[in-house]
Amino acid sequence: MLRSTLNRFFGMAVVMLLVMTIVFIIVRVTPGDPAAVMLGPDALPADIAALRERLGLNLPLFSQFIQYLTGLAHGDLGESIFLNIPVGEALLQRAEPTFFLTLMALTVATLLAIPVGILSAYYRNSWFDQLATAVSMFSASIPSFWLGLIFIQYFAVRLGWFDTSGYGGPDASFQERIAHLILPAASLGAVCSSLIMRFTRASMLDVLNDDYVRTARAKGMSECRVVVHHAFKNALIPVLTVIGLTAALLISGAIVTETVFGLPGVGSLTVSAVLRRDYPVIQGTLLVVSGLYVLMNFLIDMLYLVVDPRVRY
61 MLRSTLNRFF
71 GMAVVMLLVM
81 TIVFIIVRVT
91 PGDPAAVMLG
101 PDALPADIAA
111 LRERLGLNLP
121 LFSQFIQYLT
131 GLAHGDLGES
141 IFLNIPVGEA
151 LLQRAEPTFF
161 LTLMALTVAT
171 LLAIPVGILS
181 AYYRNSWFDQ
191 LATAVSMFSA
201 SIPSFWLGLI
211 FIQYFAVRLG
221 WFDTSGYGGP
231 DASFQERIAH
241 LILPAASLGA
251 VCSSLIMRFT
261 RASMLDVLND
271 DYVRTARAKG
281 MSECRVVVHH
291 AFKNALIPVL
301 TVIGLTAALL
311 ISGAIVTETV
321 FGLPGVGSLT
331 VSAVLRRDYP
341 VIQGTLLVVS
351 GLYVLMNFLI
361 DMLYLVVDPR
371 VRY
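In terms of our numbering, the sequence shown opens at residue 61 and continues consecutively.
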């Protein structure tokens, strides 16, 4: 158990080092100069060069990378070129909308997918199963931003039930801010529910014909009790795994959704950083998102080690 844990922890560290390296290189080789963006189109070359020197962008790429790794080793993600605050502070300021959006989207996806997946497996090959399969394939094939635009057009503009964008004003209450997240969470959760639904259906099909399910029925138990308390309980482990992976995917998927709905979260911070070539913010946000994804996979691996001893070998 300890050896397996250490192996996975070492693998996670290697993956994070690769992510840091790849992100650093991609950000640096992408066309665009933050100094030129800061000074505007009328800036003189001498002013741009002076600003590049002040920001350390004139150093060789390898020297910048060593400085970056040294800062990370001390827990320093760098300082935003445009915001003039530490990247960690900028991320914390934008973390609340992203956190609640991810949580609400995951709740929507789970509440939609699990009941439909159970019923789809129980009524296998029925019209309900075929309809649920078609809807799940359709939702998996459409981008969340397109569904978000449809929701805005129908529920916000036409019906007026929700605000079109934003996260409420500075004095908005917690309930008002959560209300602004309903539409983006619904669009993001609906798209991500298809994967959970398909895994729930497949996992339920594996257990519904097992001997212990037939035994439970032979004892005269109700179908609801057989399905929920016996079949679904044993089919839940792979479903939990998919829910964990979906939560990690939602964090990255929130970037586009936040932009569509004008939410001041980590996603919109990343988009603005990309447009302004704010290297430290781009690197910091991608590193945090990647770290959460890798950490989620690590925790799932640990869960497998606890649940299934065969995985340890």
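Treat the hints as calculated values from the structure; they're not laboratory data.
Each hint should be verified, as a subset may be incorrect.
What the hints assert, rightly or not - List time: in silico SDA-like cross-link candidates among lysine to any residue, alpha-carbon distance up to 25 angstroms: (1) Lys279 <-> Leu268; (2) Lys279 <-> Arg258; (3) Lys279 <-> Tyr183; (4) Lys293 <-> Ala262; (5) Lys293 <-> Trp206; (6) Lys293 <-> Val316; (7) Lys293 <-> Asn144; (8) Lys293 <-> Thr193; (9) Lys293 <-> Ala276; (10) Lys293 <-> Tyr182; (11) Lys293 <-> Asn357; (12) Lys293 <-> Leu305; (13) Lys279 <-> Tyr182; (14) Lys293 <-> Phe358; (15) Lys293 <-> Gly280; (16) Lys279 <-> Leu296; (17) Lys293 <-> Tyr183; (18) Lys293 <-> Met281; (19) Lys279 <-> Leu179; (20) Lys279 <-> Asn269; (21) Lys293 <-> Ala216.
Quick caveat: nothing in here was measured; it's all calculated off a predicted structure.
Now the hints, each set against the structure:
1. For the proposed pair lysine 279 and leucine 268, the alpha carbon gap of about 16 angstroms is at most 25 angstroms, so the pair holds.
2. Distance restraint check for lysine 279 and arginine 258: the Cα-Cα separation of roughly 30 angstroms exceeds the 25 angstroms cut-off, and the hinted pair is therefore not satisfied.
3. Taking the CA atoms of lysine 279 and tyrosine 183, the gap is near 22 angstroms; set against the 25 angstroms cutoff, the hint holds.
4. The straight-line distance between the Cα atoms of lysine 293 and alanine 262 is roughly 14 angstroms, inside the 25 angstroms bound, and the hint therefore holds.
5. Distance restraint check for lysine 293 and tryptophan 206: the Cα-Cα separation of roughly 36 angstroms exceeds the 25 angstroms cut-off, and the hinted pair is therefore not satisfied.
6. Using a Cα cut-off of 25 angstroms, the hinted pair lysine 293 and valine 316 is violated, with the two alpha carbons roughly 35 angstroms apart.
7. Under the criterion of a C-alpha separation no larger than 25 angstroms, the hint pairing lysine 293 with asparagine 144 is inconsistent with the structure, at around 51 angstroms.
8. With a C-alpha separation of about 22 angstroms, the suggested pairing of lysine 293 with threonine 193 holds against the 25 angstroms cut-off.
9. Distance check on the hinted pair: lysine 293 and alanine 276 sit about 13 angstroms apart at the alpha-carbon level, within 25 angstroms; holds.
10. A distance of roughly 15 angstroms separates the Cα atoms of lysine 293 and tyrosine 182; the hinted pair therefore holds under the 25 angstroms criterion.
11. With a C-alpha separation of about 22 angstroms, the suggested pairing of lysine 293 with asparagine 357 holds against the 25 angstroms cut-off.
12. Between the alpha carbons of lysine 293 and leucine 305 the distance comes to roughly 20 angstroms, so the proposed pair stays at or under 25 angstroms and holds.
13. Taking the CA atoms of lysine 279 and tyrosine 182, the gap is near 19 angstroms; set against the 25 angstroms cutoff, the hint holds.
14. For the hint linking lysine 293 to phenylalanine 358, the alpha-carbon distance of about 23 angstroms falls within 25 angstroms, and the restraint holds.
15. With a C-alpha separation of about 19 angstroms, the suggested pair lysine 293 and glycine 280 falls inside the 25 angstroms cut-off, and the hint holds.
16. Straight-line distance between C-alpha atoms of lysine 279 and leucine 296 comes to about 23 angstroms, which keeps the hinted pair within the 25 angstroms bound.
17. Between lysine 293 and tyrosine 183, the direct Cα distance comes to roughly 18 angstroms. Compliance with the 25 angstroms bound is thereby established for this hinted pair.
18. With a C-alpha separation of about 16 angstroms, the suggested pairing of lysine 293 with methionine 281 holds against the 25 angstroms cut-off.
19. Using a Cα cut-off of 25 angstroms, the hinted pair lysine 279 and leucine 179 holds, with the two alpha carbons roughly 22 angstroms apart.
20. For the given pair, lysine 279 sits about 15 angstroms from asparagine 269 by alpha-carbon distance, which is consistent with the 25 angstroms threshold.
21. Between lysine 293 and alanine 216, the direct Cα distance comes to roughly 39 angstroms. Violation of the 25 angstroms bound is thereby established for this hinted pair.
Hints 2, 5, 6, 7 and 21 from the list above are not met by this structure, while the remaining hints are.
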